[in-house]
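Visitor: Let chain A serve as the given structure and place chain B on it in line with the hints.
Chains A and B supply the protein sequences, listed in that same order. Counting from 1 along the first sequence, just add 8 to a position and that's the residue number in our numbering. Counting from 1 along the second sequence, just add 717 to a position and that's the residue number in our numbering.
Note that these hints are calculated values from the structure, not bench results. All C-beta atoms in this analysis are idealised placements derived from N, C-alpha and C, irrespective of residue type, glycine included. Hints should not be assumed to be uniformly reliable.
[Claimed, not checked] Rough simulated footprint, nothing fancy, chain A against chain B, three-plus residues with beta-carbon under 8 Å:
#, stretch
1, 787-798
2, 812-820
3, 853-865
The lines below spell out each chain.
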Amino acid sequence: MLTDSDLQAIWLTIRLAGITTMILLLIGTPIAWRLARSRSWWKGPLGAVVALPLVLPPSVLGFYLLLAMGPFGPVGQLTTALGIGTLPFTFWGLVVASSFYSLPFMVQPLQNAFESIGDRPLEVAATLRASPVDTFFSVVLPLAKPGFITAGVLTFAHTVGEFGVVLMIGGNIPGVTRVASVQIYDHVEAMEYADAHRLAAVMLIFSFTVLLAMYLRRPKPARGD
Amino acid sequence: MDSIKACFKLDWPGFTLDVDLALPGRGVTALFGHSGSGKTTLLRCLAGLERASHGRLEFKGKIWQDDKTWLPTYQRPIGYVFQEASLFAHLNVLGNLNFGLKRSTTAQRVGLEQAIELLGIGHLLDRKPDTLSGGERQRVGIARALAVGPEILLMDEPLAALDLKRKQEILPYLERLHDELAIPVIYVSHSPDEVARLADHIVAMDGGRVVADGPLVETLARLDLPIRLGEDVGVVLDATVGEVDSEWHLARVDFPGGSLWTRDRGVPTGKHVRVRVLARDVSLAVHHPEPSSIQNVLDGTVESMAADDHPGLLLVRVQIGASQLVARLTRRSAAQLGIAPGLPVSVQIKSVALME
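Only chain A is shown next, with the shape it has when bound in the complex (with noise of 0.2 Å):
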């Protein structure tokens, strides 16, 4: 069936799309939070960068992303001070990347979540002796959770689907960087149309059960009352 090298990349995939997803939880939630709440004038520049990474090619997010990650860029001078060495051509300067690369798709159905609640909810909390942060915890996020189960699957699955931005900053290193996505590249490369066949339907078959398993339990708008 499948070959070491497949089984590695398939692995390495489920390694960096649950990592970043991970990582994003993180990060996403407060980012939602703030664009979900906020009335001030910053929310639609914030929330157009986000959604920058729908639109633009990955190519271009990840030569910028090169660029900085890279000796002579920014982030790539501060990585070498604190003595991690650059990060392009390395597992984790994927894990960056993905990042930046799958951020709308979690930060968009939390945002969505958010805002579904409503103030009521957190007034409601308030007036039973809840802090914002007590709140923030036993009523948001309860109330939100089919929200972050769809923002972590979709996450988890477009770091699955990604490609372009992995070629950019990770290259094709067996067992750093060549993911699920780049395998099958490189048999269709070389002509192992038998090879690029059974990764493809492997991932065909993820990507459809995951969405399957989504629009099953397609959750109800979360609420209130």
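Guide: Only chain B this time, still in chain A's reference frame:
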């Protein structure tokens, strides 16, 4: 006994709130007015859900808000009932009740058990909010607010989102609160009927300002109440059931200055009740009237007169012993009868509403 002093100035596009009030520290105070009068905004300012740009709020000697101080909502010892019950959808009824209880440090004046008993929701504790009827939800909402052991209960039109049947279901519970609760209640309403049933004190609002403020009985008897009540103009009398006539199924209620017969509603003799008499149900005669179907005829003296909303109508206040009734007459009949302050009249009352 004014223990709440509130002064708020708030400027929003198209709306200003400008109030300076002292509210009694016990009993039910109704914030009464039409929609847009600012009564809900005032309540939200009291709760700290809205922050007036200039405000001062003192509760039982403690400052909740002034130029330097701002006590956030979650630190105020309040209970708040929203117009829609707004129960937490992710918790069952007991979880909703416990939410505030777990976090409250204030003394348990009305404990959870008592709140559950008072609102009759003991059989609902395991249910999820979306399986409850509107009336049940609102009862849970009220119990939840009481369970935190508040020092003041703020209620924002708790019946407005319910249909008539659900209202009738909840009103008895609210009347029990009125009787059994030792803490002050601020009750926002646009319904004269609810106010007449529940309030001891009334603050009438219009256009973001307080237009009348005083004890319910005296305030409703004012002819110059600057708020349009239309068909609901009338007085409330504090009375006691003096006699129940089982043959005719009637009950006699005695108020300072007279007594009235009304349908027997099963209220025992000696019980304190409220009686509402609408101005449109009161007519005046100069001579003692011929026997008629109207059972309640009292002797009184015209005390004062004022114009009504309609140019053809007059409101006449009649003194009966220590009490006052308001009658609505046409200007023509008043002129023909020679109604004037000081004139002795017979007061005929067509209908009386008894409220426990």
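Visitor: Does each hint fit the structure? Answer for all of them.
Guide: Verification of the supplied hints:
1. Counting residues of the stretch 787-798 of chain B whose C-beta sits closer than 8 Å to any C-beta of chain A gives 7, which meets the bar of three, so the coverage hint holds.
2. Counting residues of the stretch 812-820 of chain B whose CB lies closer than 8 Å to any CB of chain A gives 3, which reaches the minimum of 3, so the coverage claim holds.
3. Beta-carbon proximity to chain A at under 8 Å applies to 4 residues in the stretch 853-865 of chain B; the threshold of 3 is reached and the given coverage holds.
In this structure, none of the earlier numbered hints is contradicted; all agree with it.
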